[in-house]
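Participant: One letter stands for each residue in the lines below.
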Amino acid sequence: MATMTMIEAIRDALDVAMGRDDDVVVFGEDVGYFGGVFRCTQGLQAKYGKTRCFDTPINESGIVGTAIGMAAYGLRPCLEIQFADYVYPAYDQIVSEAARLRHRSNGDFTAPLTIRMPTGGGIFGGQTHSQSPEALFTHVAGLKTVVPSNPRDAKGLLLAAIEDDDPVIFLEPKRLYNGPFDGHHERAVTPWAGHPLAEVPAGYYSEPLGRAAIRRPGAAATVLAYGTMVHVALADVAARGIDAEVVDLRTLLPLDLDCIAASVRKTGRCVVVHEATLTSGFGAELAALVQEHCFFHLEAPVARVTGWDTPYPHAQEWDYFPGPARVGEALAAVLEI
Amino acid sequence: MARTRRKRKLDEPKPVPATEELLKYYNDMLMIRRFEEKAGQLYGMGLIGGFCHLYIGQEAVVVGMQAAIGEGDAVITSYRDHGHMLACGMAPKGVMAELTGRSGGYSKGKGGSMHMFSREQSFFGGHGIVGAQVPLGTGIAFGLKYRETDRVCLTYFGDGSANQGQVYESFNMAELWKLPVIYIIENNQYAMGTSVQRSSAQTELFRRGESFGIPGEQVDGMDVLAVKAAGEEAVAWARSGRGPYILEMKTYRYRGHSMSDPAKYRTKEEVQRVRSERDPIDRMREFLVTGAHSDEVALKAVDRDIKKAVTEAAEFAQNSPEPATSELYTDILLEA
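Chains X and F are the protein sequences, given in the same order. Position 326, counted from 1, in the first sequence is what the working numbering calls 319; the numbers after and before it change by one each time, with no gaps. Just add 79 to the spot in the second sequence (first one is 1) and you have the working numbering.
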């Protein structure tokens, strides 16, 4: 197996998808000629031509709306929104058209498109290049939302997303593109090379949507995480020597509730972590589900470790980011109860 | 390259189709009118709830455009969509039953007046968000070109939508990629209660594609033959790979924006004047009789058949069972 960064794994997935199905088209701002600002589509235009991998104007609403039309017609568009922070002009199209087409046409039309977006912080992007808007999508019936945490999953989940007959929001934690960032921003960057989940199988395979993965089994507490926070949680659990089970949700919707409930029933304690702001974040949904399904097994209230309820900051990025210290404090607090 | 940008003259000579076709246009326009009148009645009786946007007055636009396209061409429009569905060949019973929210409706009652579809008839829906269907129509045209068909997509929107940003995003992409899409602006002169003059800096909407290099024409949307003639030119343009085309149909809706519209923004006299001077169905009827294509007796028989079909649709729409509550959880995702 080849060792890949998350960027290479995503590029490989797109290559495999385009090679398998002529109806897969890949496009977005700077996606064709330039190969994408994060280089995820590099080489695809040269390989598949300008009809199948191309640049769009900078108009997110139009890009997504056009993709929905293509998908309703029968193609499988996989488009890139350059940063998740740019998706808001397209939100109407995602919510009112993509997510709702199947229901209001009684299944006659669907919108099988995949919207890839780099998400999250950790790159000093400030307000408009760092946000984690996943809860805006999990709140919408008719969408699936995926957040991979490593190259192997990124490829398998992206292939599953493209093949899926429903619209999929595919959020790529941009701080993970080049390495398993564990929140220790003061340390040298760790590359993907050497990480077991950077070993990516060649050719086609897919990871089913809706299945979580236990990254570290444990008995003392459960950490529910996705994206970058999986690595933050793993590093902190290891550093403190806590026997916590770290669950990587991988897809937020559909959610692997069975895996979550089994873990929390076993440990009796739960910490939910995400980069996005606290209020009405996806962690609120997780906390509610845990208390609904595991109430009599809980030894402590469910704790949430998240970004603060502020705009994503520039200068105070590491005050905002729910790094190892905050995850560890929450775990310690939950374990003391 | 020189491009057409013009207002089609009201008295411009038009080719006269065969009698059989003329009668079909008359029949189709009258079918829409009577269907909409019945929908208005059912609404008044409380059998249709919520929103219901009637197409009365605008019939020539969709019937004329439908006459300009063929098998496999796609159609998408906004929420004033009952006429488009009937013109596309969708069954009056299924449309009316969707209005009453019954399981016999095209969307099994999940869509309602604004949201019906038929893949079989290449009708990509009624869409309830002003202007949101315009990029979809552009994407459908992308699909038609990508699959190397010679088909086109008729993308309808109103004078209100014409001020939406995504319309211009669509114009840009369609011309950039030479997509086979015809943008039909149904200018009925009022975006709900706001006239074009009160909302638009450039009121000649056929010129809205100028900066993109998209040809545009203004057409008398109350004359089915003028619509068809302009439509055929636009369709030929798009089919031949030259990209998008804009047709501004000057039309008029006689009824309110929706059923709850007090219509304080225009005078009764204005509505009456259009009805008596420009009505597309009256004009066609007169054309048929004076041109000896038909006579009063034959046209009465057409009226009678339509009335019967509409009555049957209304009965079906009232008798079709309401959908089960469990339908709420179907067709959200492929697998629940």
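Hints are supplied without guarantee of correctness; some may be wrong.
Below, in silico cross-link-like pairs of lysine-lysine (BS3-like), each with a Cα-Cα straight-line distance of 30 Å or less [as the list claims (entries may be wrong)]:
#1 F:K387 to F:K172
#2 F:K387 to F:K93
#3 F:K343 to F:K103
#4 F:K257 to X:K43
#5 F:K117 to X:K40
#6 F:K117 to F:K343
Think of the hints as simulated: they come from the structure by calculation, not from any bench.
Participant: Against the structure shown, which of the earlier numbered hints fail to hold, in ascending order?
Facilitator: 2, 3, 5
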